[in-house]
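The task is to assemble the complex, starting from two chains supplied on their own in separate frames and drawing on the hints.
One line per chain: the protein sequences are B and C, in this order.
With the first letter of the first sequence counted as 1, position 129 gets the number 129 in my numbering; the numbers rise by one all the way through.
With the first letter of the second sequence counted as 1, position 109 gets the number 109 in my numbering; the numbers rise by one all the way through.
Think of the hints as simulated: they come from the structure by calculation, not from any bench.
Predicted model only: the values in this text are computed from it and were never measured.
Incorrect hints may appear among the rest.
Stated by the list, open to error - Here are the simulated distance ranges between beta carbons:
#1 B:G146 - C:Q91: 20 to 30 Å
#2 C:D101 - B:G37: 54 to 64 Å
#3 C:A37 - B:K96: 52 to 62 Å
#4 C:T120 - B:W150: 16 to 26 Å
Positions of the beta carbon are idealized from the N, C-alpha and C atoms, including for glycine.
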Amino acid sequence: MTTIQKPTKPILLFNDECTVCRYIGHWVQRSAQSESGETSILVQPIGDDPGRLRSLNPDLDIWDAYETIHVLMPDGSMKLGGEAVAETLRNLPNTKWFAWSFAATILGFRPFQVMLNVAYAILADVRPLFGCESCGKPKVLRLIQGVTKWARNLFARVPHKSPSPHFSLSSAARRRPLAASVEPLPQSSHS
Amino acid sequence: MSNETIDQPREISMKPSSREKIQTVTSASFTRLVLEAEGPIAVEFMSYGCAHCRAIEPVLEQVAEIVKTQEKIFRVNIAIEQELAGSYQIQGTPSLIMFLDGNEVGRVEGPSPTVSSVLTAVTQPFESGAEDN
Numbered sequence: 001m002t003t004i005q006k007p008t009k010p011i012l013l014f015n016d017e018c019t020v021c022r023y024i025g026h027w028v029q030r031s032a033q034s035e036s037g038e039t040s041i042l043v044q045p046i047g048d049d050p051g052r053l054r055s056l057n058p059d060l061d062i063w064d065a066y067e068t069i070h071v072l073m074p075d076g077s078m079k080l081g082g083e084a085v086a087e088t089l090r091n092l093p094n095t096k097w098f099a100w101s102f103a104a105t106i107l108g109f110r111p112f113q114v115m116l117n118v119a120y121a122i123l124a125d126v127r128p129l130f131g132c133e134s135c136g137k138p139k140v141l142r143l144i145q146g147v148t149k150w151a152r153n154l155f156a157r158v159p160h161k162s163p164s165p166h167f168s169l170s171s172a173a174r175r176r177p178l179a180a181s182v183e184p185l186p187q188s189s190h191s
Numbered sequence: 001m002s003n004e005t006i007d008q009p010r011e012i013s014m015k016p017s018s019r020e021k022i023q024t025v026t027s028a029s030f031t032r033l034v035l036e037a038e039g040p041i042a043v044e045f046m047s048y049g050c051a052h053c054r055a056i057e058p059v060l061e062q063v064a065e066i067v068k069t070q071e072k073i074f075r076v077n078i079a080i081e082q083e084l085a086g087s088y089q090i091q092g093t094p095s096l097i098m099f100l101d102g103n104e105v106g107r108v109e110g111p112s113p114t115v116s117s118v119l120t121a122v123t124q125p126f127e128s129g130a131e132d133n
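Pulled out of the complex, with its shape left as it was, chain C reads as follows (with noise of 0.2 Å):
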């Protein structure tokens, strides 16, 4: 098998993919956009072959229109960003981590893909760290 299958290749101007809301972090740009980030912050670790994390998606896209004007959602793959999952031990996909002003307040692992539960998994952490102020 050989390139010979690939035909002229053609240009034309792609939308993203209408389940592609939430944004990717590498770990190239995890500093940058997570880290260094103020204010309440959500990732996904997530990976695309991991029916669970299939599941949970319209839900999270969901939740990230809700929470959009007080919170930014992340997502990370972690079959291309291992060193970053093993960085955060990432047991298993997906797993939601909480950050505020670049330090970790919270954790879920595997919630139920309700809107309920994922809104109540990225938004309790910072209440209560709110609280706690």
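Just chain B, same shape as in the assembly (with noise of 0.2 Å):
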């Protein structure tokens, strides 16, 4: 049994190992808050324990999390990718103005929606340009380096050997530090 801690308000879980996600995750807790103190969206770290994820949300994959931006609703659901960016901005004060644009539909298809998730897909795939090693590489960098490896193995007949590109350096797993005002996971009980 573990101890579900249900929130009263979204949950925004940001990669902390990837510079773009943190800046977006930091930049989010910023604008949610309002001059009393009082935040519309929780902006959260993923971290390391799959359990406490979990006690969040029990069919939150860690894995997932740091696949696709998440956001967990108050009643239970949650929300991938641009659904969640839109989520989100319709929970910050100075967004949610242009945010409904987002749910608007025409003749049952949701223009703004689905742009919105090609950006989100766009940026996800690259962001491993602007800084993050944990990423792993843009589906574009992937293809060229098949196809140089492809041809270099076709014309030279000779094997291009090089380190292992499955790896990741320890560097990369290195937590950075945590701004201050960003909330640690609430704490999961097991028994």
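Pasting the structure below:
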């Protein structure tokens, strides 16, 4: 049995090993605070403990959390990717005035949400170019590397020997200091 | 921000995540489960934030299922167990270290995320050890 901490406000989880994600997470955190100190959305790093994440939502898998941005809703549902971005913008005082557009439908189609989904997918893919050591490589770079390796093997007839590309230096996993204002995840109690 | 945002806790029974078929060992349990254990054991030093660990995870679980009668596979989260990672001079993730009766007999850094590659990585050191004997 694990104690589930049910939030009363949405929780945005961000990858604290990724520079872009940290920047965005801290921007959301600052933007979410009103003058009275109230906040409309909680911002928390994903961290390293799968059990602590499952205490927030039993269906939340830590691998998935690192793969895609998640917003945990008070009703127990989760929003992912572009939907999570839209939900975040809906909760920020400075952006909620235009965030309604993501829910607008034209003939059953949500054009602005689709555009946001595409924009999120591109940003998520190119994160490594902006300093995310732990995010892997952009698809376009993997494609170029694959073609280059194939061409080299085809023409040179000598397989290219290089250090394993499937390896992250441990510096990538080293936790950068968190901003003091970032709340730790709620503790779970296992029994 | 404070605890005001957390509602009444509720207790539910939870299944382990589908992706957590490989047991995590900590510095507290490492000696008992790995160093003092008999037989072949592979330990993956990993981090949840590592993209390559994410890629290899489903493969390692398949391999763990294939070799489960002959070999145990554990994982160590180096983001938490930094001293343990340091003591084995882990340079990056994922790193697989193979132990036979508590002694390191091989290691592979960043295996290709394919079943054949990982299966070779976690079984070959024990085969060569058996040939030596």
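Here's how the hints hold up against the structure:
1. Distance hint check for B:G146 and C:Q91: the Cβ-Cβ separation is about 25 Å, which falls inside the suggested range of 20 to 30 Å.
2. Checked against the given bound of 54 to 64 Å, the beta carbons of C:D101 and B:G37, roughly 59 Å apart, stay inside it.
3. Between C:A37 and B:K96 the beta carbon distance is about 56 Å. The supplied range of 52 to 62 Å therefore holds.
4. A hinted range of 16 to 26 Å for the beta carbons of C:T120 and B:W150 is consistent with their spacing of about 23 Å.
Checked against the numbered hints above, the structure violates none of them.
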